[in-house]
Structure formats: C-alpha cells, structure tokens
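Asker: Residues per chain are reported as follows:
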Amino acid sequence: MQELLSPEGLRVDGRRPNELRKISCRASVLRSSDGSAYYEQGNTKVLVAVYGPHESRHRSQVQFDRAFINVEFNVAPFSTNERRKRSKNDKRLLEIASAIKQTFEPVVITTLFPRSQIDIYLHLFQHDGGTLETCINAATLALIDAGIPLHDYVCACTAGYIENTPILDLNHTEEASPETPDLTIAILPRTQKIALLQMESKLHVEKVEEIITAAMHGCKFIHKKLDDAVSQVTKELSEKLNQ
Amino acid sequence: MSTLLLSPVERDYITKGIEKGIRADGRDRLDWRHLQIRQSIISQANGSARCRLGNLGFGTDILVGIKAEIGQYTQGDSNNPSSQKIVCNVECSPSAMQEFEGRGADEVNLELSQLLDRLLNGPQCGIDFDQLCIIPKQAYWVLYVDALVLDYDGNPIDALMMTTRAALADTRLPKVVVESITDENGVLQQEFEVVDDPQAAEPLKGRDNIPLTVTLYQIGGNYVVDTGLQEELCTKARLTVSVNPAGEICGIQKSHTKSGFAPSALPEMLKVSQKQASVLFTKLENELAKSSNDNQMDVDDGDSFEPDTGSTFLVPF
Amino acid sequence: MDIDNIEKVKQESALLVTPGYLITQDPEFMRGHGTFAEDSAIYSSVSGVVERINKLISVRPFKQRYQGEIGDIIVGRITEVGSKRWKVDVNSRQDAVLLLSSINLPGGIQRRKSESDELQMRTFFSEGDLVFAEVQNYFNDGALSLHTRSIQYGKLRNGTIVKVFPKLVPRSRSHFHSLPCGVDVVMGVNGYIWVSKHVPQSTVEANAEEIYSNKNEKISTQERETIARVCNCITLLDRLFIKITDTSVIYTYEASLGHAAKEILNHDIAADLADQVKARLNDH
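Residue numbers (the UniProt record's numbering), protein chains in the order written: chain A, 1 to 243; chain B, 1 to 317; chain C, 1 to 284.
In case anyone wonders, no lab produced these hints; they're calculated from the structure.
As the structure is a prediction and not an experimental result, all values here were calculated from the model.
Here a beta-carbon is modelled for each residue, glycine too, at the ideal position from N, C-alpha and C.
Careful, some of the hints might be misleading.
Said to hold, decoys possible - Simulated pairs of lysine-lysine, DSS-like, Cα-Cα distance not exceeding 27 angstroms: (1) A:Lys207 with A:Lys220; (2) C:Lys155 with A:Lys240; (3) C:Lys163 with B:Lys236.
Unchecked claim - Derived list of chain B stretches under chain A, where covered just means 3 residues or more per stretch with a C-beta under 8 angstroms from a C-beta of chain A: (4) 39-48; (5) 89-95.
What the hints assert, rightly or not - Partial selection, computed: residues in chain A whose CB lies under 10 angstroms from chain C: (6) Asn43; (7) Gly52; (8) Ala67; (9) Pro106; (10) Leu143; (11) Asp145; (12) Thr191; (13) Ile194.
Excised from the complex, chain A in its bound form (with noise of 0.2 angstroms):
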C-alpha cells in the first residue's frame, strides 16, 4: 500500500495538502458547434460542445415554459491506465451525465427558451480522478462560449481527507485509495450557494464542514481561472471585431 502522504507532508504527485493540481483550459476549440471549450486539472481532461438553443429534437421532453437541458458524456477508451470502451449505457456515464444537468438547470436561465434545448456533449480523453468536477468546470467555460445566459458560473472542486488532514482535488490514486472520504462540491461563487454536492464515503460529522470549506476555496481560485479564460476570449474577439 503506498502512502498517500509522505512524512514531510507533501502528497504522491509532490501537491501540499491545499494545493490544487494545474488548470488549464481554452474557449472557442471546436467550430461545428455553438460554443465549445478544452480544460484540463491536472491530468484530467476534457472536452465540450455545446449546441443551442435550437429547436427541440426530442418533441416528448419539450417543455412549455423553459429549455430543456440534454446532457451526453462520453469517455474515450484510452483515457484509462488499462484500455476500456464503455458502452453508451454505461451507469457510470449516465449518472454523471445527469448530475451535470441537474446542477445546470437551475443555473442557466432557461425560462428565456421555452419549447427549446441546450444540448452539452462531454467527452473525457484523460482520466485521473476528479472526472465530475473537470466536467462542471469545462462545461461551465463551453456554455458562456455558446452565449447561454447564466445567473453564475459553476464552479466544482473535490476534497478529502487523509490522516487527519484535509487535501484539495484529489488525483485518481487518492480517489481510488478506499480509506480516502472524498466529496465533489459545486458552488455558484456569485451568491455562494451550493449547487451540487456528492460524497459516497463515511466521514465524521464533525470533519464534513471542514473539507466542505477547503473545497469551497478550491471552487473560488477556480472560479477566478475560468473567469480569466472567458475574459480573454472575450477580449480578443472585441479586438479583432473593432480593429
């Protein structure tokens, strides 16, 4: 069994315990879609299209009121250690398939579309843990790409906690490593609200505000890198449109 945190402190891939791995990501990488956008944390990547909002494809799910939100995940099969191609059923692929539309639904105004759809494809080339909070955030980025009003940003971040100490976006060692509690939190750093909240271990009451902190911190320096890529993006095409 390999430790997860070294004598001095510093964790398998060389992270302090709140130190989140590198983020990087671009708007704007795909051209048959509305809006689309590359991110990556660390070795986790993905990419996102987002199409809409067109006219409804699926006439049963038209709602009258709102946009309907259509969500596909997709996992490339060599993104994993060990080559695996998962079928388009896979139960894994739907749950977080649809945990990223409920986290979305309240967030994108869609009362604006009635009898519409917003479609988000998301397509994992990478996988190192973290898989569910590299999508919020990539999806987050390709939405505004696709100019899709917002009431926020979502922005996601895991944390955990090993011997007693709180660490910030876990890898797939720490994720994989059963005695590792490990929770995704998404948040709308606007008003601070919680938008989604996962964890599928057993964690002391008491120890659950302090991980939900670290990662709400986490969720506020990501918040602050998505902003800048949108910025950028935004910045250029102004240029280049007032040149």
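Got chain A; can you put chains B and C on it based on the hints?
Answerer: Okay, now just chains B and C, sitting in the frame of chain A:
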C-alpha cells in the same frame, strides 16, 4: 436541424460545377483541402495523432490514440496468427454533428471501424506482426486503435487513415525481456517481463509501409476527392482505394448504393487513386516534418511542457 | 462591490463583463438582453460588451445564436412542411414559421389562397429549400414568423450558402447587394449568407411565374469562379472575426485577385489578405 438538408438547386449547383471542373469552394476535382497533423498528443497512449482536414480551423477533425496491451493466447486463436492483433474502434462524437448523438452514430461507427480493421489486420497493413509476438502461442501485443471524430466536414475515411498512419508511426512498443526456465518436470517454460523504461521502447517495424486511402466520390458523371459535407450529400457512389508507399493497391471498397460505376471506368479510377495517394504521402510527410520542427521550437523557448492532449487544444493549430 | 460599475460604461469605450458581474445597483436602470435582476441590482448573464441606451442596460455576447427582431432580413432553410405553414431553420432558438398566407403565390400577387394551395405546399417550398425572407412578428414563446411578400424575397437559386457568426452581419438598410464583380449577395442577419449569379431585377420581374422554380439558370465557369471567390472571401472574414458588409467583402475580393479563388483560404495567404483588408477599412 438542417445540417443534412440540401435544396435541389444547391445540389444542381454543386453537380454542374463539378462537371465544369470548378467546385463550390473554387477547387479542382482532384484538389485536397489543407491538412494539419500533430503527433504524440495523448500522454497515456503508446502513440497518438490529431489531424484536421479543412481550411482555416474548420474541417474534419480526428484524434487517434493507440494503446499496446498484452493479450493472452487462448486455444483456437492460431487459425490466423495475424488476426485480431490490431483492434480498431471509431467513435463519432456528437460534438462533430448533432446527428451523432445517442445511438445516431452507431452505423457510421461500425462502418468506419470495420473498414479500418480490414485495412490494418493483415499483411496489406505493412507492419511486421512478428514484432507483436512476445512468446509464441502464449502472449502477444494487441494494438488498440481508438479514433474519435471530433468535428466533421466530409471525407472521414481518408482523414482517418492519415491520422492512424501518423499515430502508428508515433507508437512505441515497451521492451519485453523473455526468460526461459526449466520446471521440475523438465518442461521448458517461458516467462516475460515488461521493462518499465520509455527510453527502451521501440517503434513499430514496417511503420513506413502503412497504406493511406484515397476515396473517390462520384457526383453527377464525375468523381472528386476530399468532399466537404455538402458535396458528400450529393454523392451517388464512393470508391475507397488503399495504396501503400510503394504504389501498390492494398484494398478496394465500393460503398454507397445509390448508383454504381461502369466497370470500364475502374482502371482509370485506380490509376487516379494511385497518383493521389503519392500526393497524400508527400503532404503527410511535409506536415509531420513541419510539426516536429514546431515541437523543437517549443523546447528552444524554454517551455518545459511535454506535448500532451492539450497542446493542440490549448494552442490551436 | 462598492463602486457602481455603470459609471465605467460612461467613461470607457467598452466595458467587458462576464456572467454574474454586477453592472449597477441604481434602481432607475432597466434590464435588457443579456442581463438579469436580483435584489434590485442588475447583473450580466453573458460574456460581452455592456450597451446602454438611455436607461436600458444590455449585454451583447460575441458568439450567440441569432436573436430575431421585427423587420430583420434573413436567409433560412425549410425543415418541415405542414398543412398551412413551413418551419424554417434560421439559426435561432427555435425554427421560424412561414405561413402559407405570408407568401406571394404565382399568378398575381393579390390572388386569394385556395384549398388547392394547401394541398400543394411542396410546390412552393419543400424540405431543404432556402428562402430569403423578412421577420414579420414573433410569438409569445420567442418563435419568429416570416413573410416573403416582396418581389425580391422568396426561393434562393443560382448559388451557394456560407454560414458565419450572426454577430458579424450588422443590421443595415440593405441586405441585398449586387457586387460590382457580377455576383449577388444576400446577407441574412442570422448569419446565413447566399452568394449567387447576378440576375437583373427586370428578368426577375418578367419571370414572376417562376418564383418557385427548382431550376438554376445557366452559370458559366467564369461566374462560378467569381462566386467561389466571394464565398471564400466571406469565409475568411468570418474566421478572422471581421464585420461582413458589402464594403469589407469588396475589399477582400479586390485584395484577393492576385491569387486563385481556391488559394484564399490557404493559411498564409489568408493572414496576408486580412491585414490588407483591415488596413483599408481603418483608412475610411
């Protein structure tokens, strides 16, 4: 959605234009769009490449990742020693076209996967399958070729084959040490160990012989190469010819059943394909040489990032 | 946020904002497109430039689907044929509606619509056809209704379509241009642009009976080359995010004449042409 709709007058415009030898974007019948390609972009794969066939950031965009994994020999596999050593899988992502959502791409995925499989599995592929064998009748390497179609603007087959060839050329097979031990019954047993050193990994033998494909699309009474999406919608029949660098034909497939070719037209079409393939080989080589120069420049800049999946997305090419 | 950001709109030329950005807390302002109100404050909901018209604050994103306004000239594609109406893709949040009663029928503009017209809807427009139309109105749910009751509107023929960012096609007095190079361009504000062979207005009027014809005129190789060149020029302007007007298209066209039409989209040539066009646009 109207991506796949075309009016009768647009159809007529495209068809008549090809008849006159000038396509809607000004190209001649045998002109290709701009090709861009980058290798080694997925760090966890043994080889990878991303290619875009189109102009100014638009076009068909394909990402291929190759993983080498060890397959165990099971009884009955020996019928055809070279079969199933390369496993091909093509997925069209809905990011390319909304029609690919859900099960919408199943048919085209299957068609492209099978096509790729037939081009690669067998001696026509050109790579040395003996290299994939670790211990005869016991263990061998399986190459998983996984392709993603991320953006779509026609002519997927030729783009797919170019990306795959570039990704296979980029593939490094980990070094394996085989040891022979005699057990207590006096039977010779062989065991192997994979050396965990990227420096020791070896490129695929025969990677330079991998063929490319040239697909001729029949529109009206003429044929063209490298169709855009709208031209593809006007296509009546399609002939894919696979040609290796020596100019030998390694495979032919006719698909799309709206109409057929006259047998008398075939010899000329094959000749055209051969000629176009040599054009493509040159294009691919030039583009790969250019991209490796680009990587060189990054190092000079003191940029310590390894090329990874991000490089082509974060710094668009 | 202490400072009221609306002050910046007055001072700076352009205030760029991102979703959730507090624009003003001053209750006398009204919220427009791209904003939302919460606790009497106005926030941005998109990423773009703040625009202020008197007391109305709105934010326009650079990339977005087409937002229709009455009187807009658009190019659309028929996606569905109903019993008295067509559905038209106009690159917007919903397909627009074109009613049988909103089109000109062959054989006299004022002819009454009869039941037999309803039975032959596809003889006017069928799935895939491209239509040049004007936005007449919009429904409660935001769907647009179109009309083609003018001699210049109707079915599009003799050319090809180019799709661009809607933001790049400014609303102007005229969206139909006969360029000096002998090509007609319909610049739909929805980002669909139709480039076709020039057909004199007199010919159009003389052939009023054939407004729903599915046949192209004869188009020569020379004309095709010119159409391809204009299309590629428009594509180039789109990729480099330069406003697409008759002027910018003509400038690009003229700058491109040293190259073959198919070479315009070549990366290096495109960059060079863009610089020339930008310089010339800035001169005026």
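Asker: Quick one, is the Thr191 (chain A) hint okay against chain C at 10 angstroms, beta carbons?
Answerer: With a minimum Cβ separation of about 9 angstroms from chain C (threshold 10 angstroms), the hint on Thr191 (chain A) holds.
Asker: Under 10 angstroms is the threshold here; is the Cβ of Gly52 (chain A) close enough to any Cβ of chain C for the hint to stand?
Answerer: holds (7 angstroms)
Asker: For Lys163 (chain C) and Lys236 (chain B), compute the direct alpha-carbon distance and say whether it is at most 27 angstroms.
Answerer: holds (25 angstroms)
Asker: Identify whether the interface hint at Ala67 (chain A) stands, where standing means a beta carbon of chain C within less than 10 angstroms of its own.
Answerer: Holds: closest Cβ of chain C sits about 8 angstroms from Ala67 (chain A), inside 10 angstroms.
Asker: Let's test the interface hint: is any C-beta of chain C closer than 10 angstroms to that of Pro106 (chain A)?
Answerer: violated (13 angstroms)
Asker: The region 89-95 of chain B covered by chain A? Criterion: 3 or more residues, Cβ-Cβ distance below 8 angstroms.
Answerer: Holds: 5 residues of the region 89-95 of chain B have a Cβ under 8 angstroms from chain A.
Asker: Taking 10 angstroms as the limit, does the beta-carbon of Leu143 (chain A) come near enough to a beta-carbon in chain C?
Answerer: Since chain C brings a Cβ to about 9 angstroms from Leu143 (chain A), closer than 10 angstroms, the hint holds.
Asker: Regarding the hint that Asn43 (chain A) lies at the interface with chain C, is the smallest CB-CB distance below 10 angstroms?
Answerer: Check failed: Cβ of Asn43 (chain A) comes no nearer than 28 angstroms to chain C, outside 10 angstroms.
Asker: Using the nearest Cβ pair, does Ile194 (chain A) come within less than 10 angstroms of chain C?
Answerer: violated (16 angstroms)
Asker: Starting from Lys207 (chain A), check that the Cα of Lys220 (chain A) is at most 27 angstroms away, please.
Answerer: Holds, at roughly 20 angstroms.
Asker: Is the hinted pair Lys155 (chain C) and Lys240 (chain A) satisfied, with a Cα-Cα distance of at most 27 angstroms?
Answerer: violated (34 angstroms)
Asker: Three residues minimum, CB to CB under 8 angstroms: does the region 39-48 of chain B make the cut for coverage by chain A? Let me know.
Answerer: holds (count 5)
Checked against the numbered hints given earlier, this structure breaks hints 2, 6, 9 and 13; the rest are met.
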